[in-house]
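Please take these sequences and the hints and turn them into a complete structure.
So the sequence lines, in the order shown, correspond to chains A and B. One point on numbering: in the working numbering, the residue at position 256 of the first sequence is 256, and numbering is uninterrupted. One point on numbering: in the working numbering, the residue at position 77 of the second sequence is 77, and numbering is uninterrupted.
Source of the hints: derived by calculation from the structure; they are not laboratory data. Some clues are possibly wrong.
As the list claims (entries may be wrong) - Derived DEER-like restraints, expressed as beta-carbon distance ranges:
#	chain 1	residue 1	chain 2	residue 2	range
1	B	G292	A	S323	20 to 26 Å
2	B	S303	A	I51	45 to 51 Å
3	A	V503	B	D325	55 to 61 Å
4	B	S303	A	G241	54 to 60 Å
5	B	D93	A	V536	27 to 33 Å
6	B	M106	A	V485	24 to 30 Å
7	B	D327	A	I135	20 to 26 Å
Claimed, not checked - Partial list, derived from the structure: chain A residues whose beta carbon lies under 10 Å from chain B:
#	residue
8	F134
9	I135
10	M257
11	G320
12	M321
13	M334
14	M335
15	G376
16	T378
17	M381
18	R462
19	I464
20	Y465
21	H548
22	P549
The beta carbon of each residue, even a glycine, is placed where N, CA and C say it ideally should be.
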Amino acid sequence: MASETIALNLVKLGTRPIGDRLHDWVVTVDHKKLGILYILYALMFLVIGGIEATIIRIQLIVPHNHFVSAEVFNRMFTMHGTTMIFFVTMPILFGFGTYLIPLMIGARDMAFPRLNALSFWLTAFGGLLLYYSFIGGSGLYGAGEAPDVGWFAYAPLTARAFSPGHSTDFWTLGLLVSGFGSIGTAVNFITTILCMRCPGMTLGKMPLLAWMNLVMAGMVILAVSPLTAAQLMLSIDRYLGGHFFDAQAGGSAVLWMHFFWIFGHPEVYILVIPAFAFVSEIIPVFSRKPIFGYPVMVAATVCIGFVSMSVWAHHMFTVGMSSYGNTFFVITTMMVGIPTGIKIFNWIGTMWGGKIQFNAPMLFCIAFLFQFLLAGLTGIMLSAAPFNWQLTASYFVVAHFHYMLVGAILFAIFGGFYYWFPKMSGRMYNETLAKWHFWLFLIGFHLTFDFMHIPGILGMPRRIYTYEPGRGWEIWNLIVTIGVVFQIAGVVAFVINMLRSLVKGESAGNDPWDAWTLEWSTSSPPHDYNFARIPVIRSRRPLWDLKHPEDPDWKYE
Amino acid sequence: MKDTERERKWGNIVGTVAGILILLASLLLATNLCAADAATSPAIPSIFNPQSTPADSIYHLSIFVLAVTGVIFAIVFSLIAYAITKFRRRSEDGAEPPQVYGSNQMEIAWTVIPVLIVLVLFMATARVIHAIEDARMPKGAIEVTAIGHQYWWEFRYPALGIVTANELHVPVSNSSRPSPTFLKLISADTDHSFWVPRLAGKTDLIPNRVNRMWIDPHDVGVYVGQCAQFCGIQHAKMLLRVYVDSPQQFAQWVQEEKRPAQSSDAAEEGRRIFETTSCINCHSVSGTVADGRFGPDLTHLMSRDTIASGATPNTPENLKMWIQDPDAIKPGSLMPAMKLNDPDLDALTAYLETLR
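Right, dumping it as structure tokens:
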């Protein structure tokens, strides 16, 4: 019965006028379409955030540069940070999760398809609201439009005394609205993963991607809620005479920091855990071995989820906490290194003794491993509070978190892109162009973010629109800016590849990678409702069992 | 078949180049961290060139942490590099490698070893936190209250009765004659952060809160730093200079700063302009009617090398430019443009130049 319905739909879709088909995308509740919408929306903002970053880097190429004014520079780094975190990385990862989770657990859709659509459109309109500030709201005193208080918007700079116009309100409301969207998506992920798995798929047989997204979704609920509360409190301060963060009236600037970072630090793991998920799916397939130590990987993920909830004040080592407070956050922060270390070792264990193929997804994952390792080690340096007193709020910390967000997370996302592009589009991407993308982006990344550590060590603080000559910072800033050119070239290769392959790519077939999880058992792209028959599985690698009936996994698990 | 072979060869080349390039890039990062160490010019505010006990103990901790993380990096890096070199696919036979699901011994090993490393790092760190944060103020220490303003620093020496701005003077401190400086940090408006990398790590100045830090510079000289917490439009030009004086120099500086402003008849006209325009709403000159608190105290303006919080040298031309149009030097500065006519501006500048 199911296959007939699918055939009918296809005929209907193919013959309908383009207006109707676009209308379908707007009103859709299909997890695959919503997933793709999330991803396209995030890619649009990736370009915008990238332009903002480029403006920042051009301004800093030489000391006392006059490319943009202080006001514009402050807007650029505020919008760059806010955009990249809330409207690029989160939606793109939610997009992959929305697309992949039902397919990988053998479900026909998410548990709440309408909530899914609502969440997407809330996030989308949150982003538009934020960008409306460019025409709608003046910023810090006399500074013109768009938020310019930094992406963590420390109080009391956000008070009306310092930020009298509406730009801070656009920032607050944009994040508030998209925050509701994120919470909706998280509820949906959790329910889907807990309730919609196909027969035979116990929690212990779930793909790691589902496990990691489950942990991530739990963290979203715990972490985004305080941020949402804080945004409301800030609005109350600004318009209803509240004094939560208004220091002049006895409020506490430090309270905002606590609220922001109890969101802000788990947020890093909210972003990196789905990146772990991509890597945990891609490395086994391209090493031709199952993931090494599956139960330990799950345990390490859950452990990261818990521990990362108690590390937030390591962003606040300089606010004058007592030595006991600082010491507590040192030990919790260092402890996160243990489960993440376990993960790195397990990925190496997966490659060990395998037959590694260096296609684009795997190249990005290998670069991820190196860069995640380095980002983690600079993280250890930052976790040592006294060392942090020197490094924090300098370019060292900027380099550190970009190493994590770009070097680890964005690389994993690109890997995921190439890995699932054939499934989403039904067509193969161009491997040569993908390698151009990889190499250009890798070179650009290392030029920019390796050298960005140095000015921080030499005393250059972040968020300065200009700097004094003669402090030893010039050469490093120049190199950092040169790297941007390579990164842009890499992204251009990526965009050309995607667009060309969508039109001219070879047909990918159902299972181009000879992979093992359920999404590869259905057609590319999958039909509405995903599976003609709901699959029944017996192990973590159902397609391995199918392809190797003589040596199935379920005998060993 | 030919195609797949070519692809495989291409894959091998790519893999090798990948390994080498990533290796180079990462080594570059490592050597850069050391190169930064070599940058020892006194003008460069490098955290690896400490001149005060807090910065010094941080430096030693950082070398230890760098060494530990360096060893971890070398080991894990080699493992990854070895794995991707050794276990690349070499033949197109389609056979799958042995399927290995895990090993409990290995998992225990790579859990326990990191736990031990973390314990060691934690204890080394906790010691330094305690040593810096819980240090008691000895007798004879200089006490200074540093107040952060958008976008300048106010320094008050309560025991000495001195008020100055942007250029902090402290005596040199050594083991034979320890005289550390203890700073009480408060803010008049938004968050700021006091950071002079060669003297100590940064501590924030937060409104409605009192923070403390201390320095004991070992060598005379000028140490530069700047505000390290985004505080508004001109965060970038909220620069900071610490002058470490010999005990004699410091005593002399204190003597000069304690004197009230010197009057000079030659600058009487300028003084009249100063005291009858809005200057006095924000600025103080001791011994005159000018007692504003919003801007820097100008009683000994000429004793300072820079104006506008270090943004520009303290020369008569810069002073004039600053009075007429502060935005030309520091856009977004809270000082209004005074728009004086030329004779008034000359007279006012002449008066300010008598404030030594």
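Would you list, in rising numerical order, the hints stated earlier that this structure does not obey?
Violated: hints 1, 4, 6, 8, 9, 22.
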